[in-house]
Amino acid sequence: MNIGILLKEGPYNHQASDTAYKFAEAAIAMGHKVDAVFLYNDGVTNVTKLSDPPQDDRNIGARWSELSRKHGVEVLACIAASKRRGIADEILIEGSGITGLGTLTDIAIRNDRLVTFGD
Amino acid sequence: MNIGILLKEGPYNHQASDTAYKFAEAAIAMGHKVDAVFLYNDGVTNVTKLSDPPQDDRNIGARWSELSRKHGVEVLACIAASKRRGIADEILIEGSGITGLGTLTDIAIRNDRLVTFGD
Amino acid sequence: MLHTINKSPFENGTMETCFRFLQPGDPVLFIEDGVYAVQAGNRFAEKIRAVMESNPVYALSPDLEARGIDRLDEGVSTVDYQGFVSLVEKHQVNSWL
Amino acid sequence: MLHTINKSPFENGTMETCFRFLQPGDPVLFIEDGVYAVQAGNRFAEKIRAVMESNPVYALSPDLEARGIDRLDEGVSTVDYQGFVSLVEKHQVNSWL
Amino acid sequence: MGDTNIRKIMHVLRHAPHGTIYTYEGLEMILIMAAYEQDLSVAFIGDGVYALKKGQETGGIGIKGFAKTFMALDGYDVEKLYVDRASLEERGLTEEDLLVDVEVMDSSGIGRLMAAQDVVIHH
Amino acid sequence: MGDTNIRKIMHVLRHAPHGTIYTYEGLEMILIMAAYEQDLSVAFIGDGVYALKKGQETGGIGIKGFAKTFMALDGYDVEKLYVDRASLEERGLTEEDLLVDVEVMDSSGIGRLMAAQDVVIHH
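Chains as they are written, first to last, in the numbering used here: chain A, 1 to 119; chain B, 1 to 119; chain C, 1 to 97; chain D, 1 to 97; chain E, 1 to 123; chain F, 1 to 123.
For the record, the hints were derived by calculation from the structure and aren't laboratory data. Because the structure is a prediction, the values reported are computed rather than measured. Please note that the accuracy of each hint is not assured.
Residues from chain D that keep clear of chain E, each with C-beta distances beyond 12 Å, as calculated [what the hints assert, rightly or not]:
| id | residue |
| --- | --- |
| 1 | R43 |
| 2 | M52 |
| 3 | P56 |
| 4 | E65 |
| 5 | D70 |
| 6 | E74 |
| 7 | G75 |
| 8 | G83 |
| 9 | S86 |
| 10 | S95 |
Computed spacing ranges between beta-carbons, pair by pair [said to hold, decoys possible]:
| id | chain 1 | residue 1 | chain 2 | residue 2 | range |
| --- | --- | --- | --- | --- | --- |
| 11 | F | K54 | C | Q23 | 29 to 35 Å |
| 12 | A | E94 | D | K47 | 42 to 48 Å |
| 13 | E | G65 | A | E94 | 37 to 43 Å |
| 14 | B | Q55 | D | E53 | 51 to 57 Å |
Quick list of in silico lysine-lysine cross-link-like pairs, DSSO-like style, CA-CA up to 30 Å [said to hold, decoys possible]:
| id | chain 1 | residue 1 | chain 2 | residue 2 |
| --- | --- | --- | --- | --- |
| 15 | A | K83 | E | K53 |
| 16 | F | K80 | D | K47 |
| 17 | E | K54 | E | K68 |
| 18 | F | K64 | B | K83 |
Quick reminder that beta carbons are idealized off the backbone N, C-alpha and C, glycines included.
Kindly produce the complete structure, drawing on both the sequences and the hints.
Structure representation (structure tokens):
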């Protein structure tokens with residue numbers, strides 16, 4: 001099964017990022033393809049590399065970066081939502097990108113499922 | 001009257017930033033002193049200078065910057081909340097700073113009112 | 001003590017929680033999406049009327065206008081941002097987020 | 001269609017809204033703060049029981065454990081993240097945020 | 001899903017306008033998706049019905065208004081607009097309070113439409 | 001307020017833990033403010049009472065647990081912990097379900113305490 005994920009909240013403030021990550025991890029472990037994680041609304045703040053959480057806490061940005069590197073998951077932030085919130089190319093984590101809502105439409109069309117996480 | 005403001009949500013996603021700004025503007029117009037705007041939780045994302053909203057929309061970060069410059073309002077983001085969310089010195093708007101929660105305590109103690117805005 | 005409520009009572013329990021802790025005479029100010037509470041003819045008319053027996057109720061006029069709310073429950077006063085500040089001059093603030 | 005609910009029903013109307021749109025047989029999965037809905041003995045026990053007459057009800061076990069919820073309404077099944085994925089294999093998803 | 005190129009996509013607006021950005025950014029998403037010739041529909045449920053309220057004047061709060069953009073959806077061939085009757089009624093609203101022509105339906109009817117979708121996105 | 005150096009500050013926890021960060025960051029704020037020798041109190045209202053639930057094991061969701069930090073509040077001289085009785089009851093909880101000793105009060109009692117504060121901060 002091919003899965004797209006839509007993530008609508010930023011890291012730490014809401015559990016959405018954590019649940020989306022755990023869901024993606026489980027899907028991959030079961031042999032499914034997680035095609036892309038699309039970030040919308042405050043969700044775009046998942047991909048700032050300036051995030052520096054306490055050492056005993058999870059690093060949510062680094063986790064997305066690793067998911068992208070190891071499993072080819074595209075991690076994409078909506079450009080209009082990113083501009084509003086100060087997410088720009090120079091602060092993106094490795095493996096992420098900024099793109100338009102047309103890409104989300106493609107993701108919704110080409111996958112068997114689109115699963116949304118948010119507030 | 002001396003007023004401190006505690007702002008707990010980021011810009012654009014929630015109206016809290018807008019209401020806090022309009023409230024501060026009105027208080028200043030009435031002759032009150034707005035001592036500080038302290039940013040907590042996702043509120044710390046109010047002070048990224050990378051924000052680039054559409055031209056026909058308000059620029060929330062620039063607005064805080066101007067309030068600080070014109071009226072001496074301290075605009076301060078909590079350091080622990082900022083680190084989690086990728087708000088760092090190199091991307092701060094002019095007139096803002098990063099500080100500890102002790103500063104919020106001082107603000108709560110030294111002002112006649114602490115008014116909170118959030119979600 | 002001034003109580004502010006910024007959530008629609010239709011989706012969120014904030015208003016009803018706040019009402020349980022109100023002291024008689026404490027003013028209540030609806031702001032942001034909270035102002036939907038005082039639109040005339042909605043499901044909460046009875047609750048708002050009951051609160052107004054012991055507490056003055058205000059709504060922020062720029063938030064009402066932004067949402068196209070022109071008919072308010074009888075007895076609700078409107079204030080602009082300066083009116084909000086005036087209420088804060090008279091009372092400590094309890095913002096029910 | 002799989003319906004997920006991630007909000008506590010005590011503070012937010014999401015669960016009750018979702019229930020109005022459910023079709024018979026559609027599974028419901030409580031996640032995140034939504035899992036408080038199915039704690040045994042709470043105010044929503046009757047509503048959960050009514051839904052279970054026509055719909056299977058699940059709760060995400062890691063979210064239950066994180067919140068210290070050990071007693072569930074009778075008839076509620078638990079799944080882990082892989083069980084969540086299995087439900088998504090069988091159904092399109094409707095995430096009630 | 002390989003056997004068809006047209007996906008049934010429903011956007012569900014559930015938040016009031018202005019207090020949060022969800023409705024506005026939801027509308028931006030709908031406008032982009034409208035260009036992709038999928039089978040799009042929009043359901044207004046709960047506080048989402050307030051998005052269509054006539055007479056919104058946002059000058060005072062300093063936020064750009066967007067209610068009139070809903071009137072443009074027709075021009076983008078987004079014509080399936082469903083409003084939940086119970087949500088209108090408990091808010092003391094009627095169809096006359098709304099900016100655009102919509103189909104007011106019972107929850108069960110909207111629920112059946114939902115169940116037939118390939119993708120449902122809540123805003 | 002210049003006539004006294006001690007402010008009465010009440011923190012109100014209203015959110016469940018883990019689903020959002022408000023309770024956790026609220027607790028961080030309380031711990032810092034405790035060092036300033038003000039008259040601090042904490043009220044647990046609505047879903048805020050869940051913060052004190054025994055038996056929280058957050059390993060499965062990958063988020064650091066913090067329930068036990070409430071047990072440390074006593075060591076910071078934060079001793080005024082008030083729990084709303086109605087919030088407990090509708091959730092099917094009793095004092096035995098809670099990690100720490102608290103004062104369970106009626107809403108009217110907590111409301112009177114609130115009204116006497118200089119500062120109230122909701123989390």
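Comparing the hints with the structure gives:
| no. | hint | in the structure |
| --- | --- | --- |
| 1 | R43 | 20 Å, holds |
| 2 | M52 | 17 Å, holds |
| 3 | P56 | 15 Å, holds |
| 4 | E65 | 27 Å, holds |
| 5 | D70 | 30 Å, holds |
| 6 | E74 | 26 Å, holds |
| 7 | G75 | 22 Å, holds |
| 8 | G83 | 21 Å, holds |
| 9 | S86 | 19 Å, holds |
| 10 | S95 | 6 Å, violated |
| 11 | F:K54 <-> C:Q23: 29 to 35 Å | 33 Å, holds |
| 12 | A:E94 <-> D:K47: 42 to 48 Å | 46 Å, holds |
| 13 | E:G65 <-> A:E94: 37 to 43 Å | 39 Å, holds |
| 14 | B:Q55 <-> D:E53: 51 to 57 Å | 55 Å, holds |
| 15 | A:K83 <-> E:K53 | 29 Å, holds |
| 16 | F:K80 <-> D:K47 | 36 Å, violated |
| 17 | E:K54 <-> E:K68 | 9 Å, holds |
| 18 | F:K64 <-> B:K83 | 16 Å, holds |
In summary, the numbered hints that this structure violates are 10 and 16.
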